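Heads up: the sequence lines are chains X and G, in that order.
Going left to right, the first sequence walks through residues 2 to 112 as the numbering used here numbers them.
Going left to right, the second sequence walks through residues 159 to 272 as the numbering used here numbers them.
No lab work stands behind these hints: they were computed from the structure.
These figures come from a predicted structure and were not determined experimentally.
In this text, a Cβ means the ideal position worked out from N, Cα and C, and glycines have one as well.
It is possible that part of the hints are untrue.
To be verified - So, partial list: chain G residues that the calculated Cβ filter (under 8 Å) puts toward chain X:
#1 Q199
#2 P201
#3 F203
#4 S244
#5 A245
#6 G258
#7 T260
#8 Q261
#9 G264
#10 P265
#11 L270
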Amino acid sequence: SQQGEEDPQALSIQEGENATMNCSYKTSINNLQWYRQNSGRGLVHLILIRSNEREKHSGRLRVTLDTSKKSSSLLITASRAADTASYFCATDGDYGQNFVFGPGTRLSVLP
Amino acid sequence: ETGVTQSPTHLIKTRGQQVTLRCSSQSGHNTVSWYQQALGQGPQFIFQYYREEENGRGNFPPRFSGLQFPNYSSELNVNALELDDSALYLCASSPGELVGETQYFGPGTRLLVL
């Protein structure tokens with residue numbers, strides 16, 4: 002079963018608005034990562050947050066982690082049409098499982 | 159660009175055949191992982207190699223096998239192809255052995271099994 006579950010499954014917003022995606026996971030983790038995928042191509046790493054961190058920023062991205070609730074959120078501020086993509090959270094699972102990805106959130110940013 | 163390349167980009171096979179997919183990792187990256195991504199789903203971990211030894215495997219049958227070579231290239235082999243093997247296959251490299259490091263993905267190979 003998948004460790005991470007993103008919410009919502011799909012999100013459609015206007016350019017300039019903020020987009021928030023959530024990720025929930027089941028077991029304890031060492032870190033959590035967010036990736037972006039454009040049109041079924043390779044994944045691009047966005048940000049890594051460790052279990053002892055609560056918030057991390059990278060440009061227009063803000064990630065939070067709440068280990069007590071086993072959840073994380075990704076906020077994209079001032080979205081652009083180029084942000085249209087699928088966004089995945091990934092967690093390090095038990096030994097032998099490596100990364101476990103959720104099913105993703107499909108974000109559409111309309112011009 | 160991540161510096162990770164995969165070949166071929168697309169492939170069509172028939173059920174029962176065998177296929178070999180190739181990946182070239184970033185120079186200096188000792189770990190390579192392979193993933194299967196069905197349409198509309200997240201990537202599923204197949205296995206990971208570190209310094210040419212398999213050191214982690216997901217819930218995939220033995221007909222999925224791999225090799226890693228000293229020159230940072232690797233292969234994913236799938237025997238006795240089934241229709242459900244149709245998917246995007248991604249490889250990803252990372253510098254060390256630790257689980258959960260940042261991974262650098264290639265563009266993928268899209269496999270269609272008829």
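A quick look at each hint next to the structure:
no.: 1; hint: Q199; in the structure: holds (6 Å)
no.: 2; hint: P201; in the structure: holds (5 Å)
no.: 3; hint: F203; in the structure: holds (5 Å)
no.: 4; hint: S244; in the structure: violated (13 Å)
no.: 5; hint: A245; in the structure: violated (10 Å)
no.: 6; hint: G258; in the structure: holds (3 Å)
no.: 7; hint: T260; in the structure: holds (5 Å)
no.: 8; hint: Q261; in the structure: holds (7 Å)
no.: 9; hint: G264; in the structure: holds (5 Å)
no.: 10; hint: P265; in the structure: holds (4 Å)
no.: 11; hint: L270; in the structure: violated (13 Å)
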